[in-house]
Amino acid sequence: MFSPCSRHLFLSTQLRRLQSTLVVAEHNNEGLLPVTQNILSAAKKIGGDVSVLVAGTKCGPAAEQISKASGVSKVLVAESDVFKGFTAETLTPLILATQKQFSFTHILAPATAFGKAVLPRVAAKLDVSPITDIIGVKDANTFVRTIYAGNAILTLEAKDSIKVITVRGTAFAPEPLEGGSAAVEKAPEGDYKTDLMEWISQELTKSDRPELTSAKNIVSGGRGLKSGENFKLLYDLADKLNAAVGASRAAVDAGFVPNDLQIGQTGKIVAPDLYIAVGISGAIQHLAGMKDSKTIVAINKDPEAPIFQVADHGLVADLFKAVPELTSKL
Amino acid sequence: MARVLVGVKRVIDYAVKIRVKPDKSGVVTDGVKHSMNPFDEIAVEEAVRMKEKKLASEVIAVSCGPAQSQETLRTALAMGADRAIHIEVAGAEYETMQPIHVAKILAKLSKDEKADIVIVGKQAIDDDSNQTAQMTAALLDWPQGTFASKVEKTDSGLTITREIDGGLETIKTKIPAVISADLRLNEPRYATLPNIMKAKKKPLKKMTAKDLGVDLTSRIKIISVEDPPVRQAGSIVPDVDTLIAKLKEGGHI
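In order, the protein sequence lines correspond to chains U and G.
According to our numbering, the residues represented by the first sequence are 8 to 337, in order.
According to our numbering, the residues represented by the second sequence are 73 to 325, in order.
Mixed in with the good hints there might be a few duds.
[As the list claims (entries may be wrong)] If you want a taste of the chain G side facing chain U, the calculated C-beta under 10 angstroms gives, among others:
| # | residue |
| --- | --- |
| 1 | I90 |
| 2 | L127 |
| 3 | E160 |
| 4 | G163 |
| 5 | A164 |
| 6 | Y166 |
| 7 | Q206 |
| 8 | P215 |
| 9 | L265 |
| 10 | I292 |
| 11 | T314 |
[Said to hold, decoys possible] Straight line, CA to CA, 25 angstroms or less: simulated PhoX-like cross-link-like pairs of lysine-lysine:
| # | chain 1 | residue 1 | chain 2 | residue 2 |
| --- | --- | --- | --- | --- |
| 12 | G | K320 | U | K223 |
| 13 | U | K52 | G | K180 |
| 14 | U | K166 | G | K246 |
| 15 | U | K132 | G | K180 |
| 16 | G | K318 | U | K336 |
| 17 | U | K51 | G | K246 |
| 18 | U | K91 | G | K318 |
Everything labelled a hint here was simulated from the structure, so no lab data went into it.
Every residue gets a Cβ at the ideal spot worked out from N, C-alpha and C, and that includes glycine.
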């Protein structure tokens, strides 16, 4: 017989062991997107068993990659034309069916446009309150996230029995895709078609440069660039540094660059080794997207620009002189 | 013609540098300038434009929050909404109110008011959750057009351009549908003084979550709200050569 105390202990270890996480992989039908590896590392912090769901029109490459990650116990694959465009309306019933079969305690996805569109829909169906864009895991129920454009850090305890969470990729180290050999199984079958909506087309910005959210170096431009043509100065510098190119909202709104380059509270959150802000004043909303960069360099002719308050190295100079000089000397 | 429900939230003004309370329970809101969440202004503007294009018959603005949320609703009315519904939530209940609660309220109101389109901002700039539209759509079993930068009415429904990570994508949804507005959907108009005066006479109905049968039991416990780590002060370099030397020192080049 257990005493009440040891019985409680027994139950809590049981609960811990029964912790199980589903990671919804983000991929593009050709392979895994690197951010999924970061999310896996958040899943391992939560502890317990980790499964990964790969859904799409072609899942083979991504499923094979993720099955090699250590600590993944199984990879569930749902391959069907209905998942074209990875729409929330088709993925939600699939995730619900998977949840029904395996009863996960945690469901995780990256806090990307994809994860942010899908997981709250899943959470509402499960009647739980989702948690967006976590930057830390304290324990299986306690998570850390930023609020007010990164100007406050909220630690919260989730009271719901199932935790539905999107994870900020840059806050967790990527898990290598090696050392594991997870079983690849079929996800629960069902009718996941929707007649509510139809995915029509995509227009992706083509670039040979590294992808913004996982780049080691980023060169970013703001209103100070004055025109789209002048962004060429930044592309030249970026090429020398093998860097991705980003932008402030001002540069996007002015039409200098497409909006998927926007870094900030409502654009992408990045944390590269080196962030070079050129002609960016450093509004609260922009800082929210880049202030966790390891080294920040600011080039701005206004010595009062708020960007200098977060920059490790500031250069008060005309960017039209300083940037070409920097590029030529590198 | 569609009836449009638009959700608006009163938040600390986007330009305010927020302060964390010394007891780490939240941020200081008393005496701080508040205004309509910027994404919600865009949502209201889109709803009003739908009405101006005769695609919508009526625009109903909804806000959940303390008594001051009525000011935010008056702003929506001054921008062109026809009437407003204030769901009063205050005190501790408001502190732990989450998008799931708001979504349940919006879903119930959508049914009661026979709305065809719900538009909200893609995220509130205070809690940065980015959940309400998706959850409202789920509860209603409606399609969702999240992060919309363009919405067009077609014969059978809506064609929506969405801002996604790599660029843009286009979807077609049936109506009824839920839309969340991204920054580039439109340029919100300023409310003119005559419209602000007129807005005072427009109907504003007060209700509670209880009236709608929505349970506001907290789903989270706030453990702490703290300041983010402060970055070490950097230095100003005199020229490009010094900058390059510093980058070499840091192992960046």
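- Query: Which hint numbers doesn't this structure obey?
  - Reply: When the structure is compared with the hints, numbers 2, 3, 4, 5, 6, 9, 13, 14, 17 and 18 turn out to be violated.
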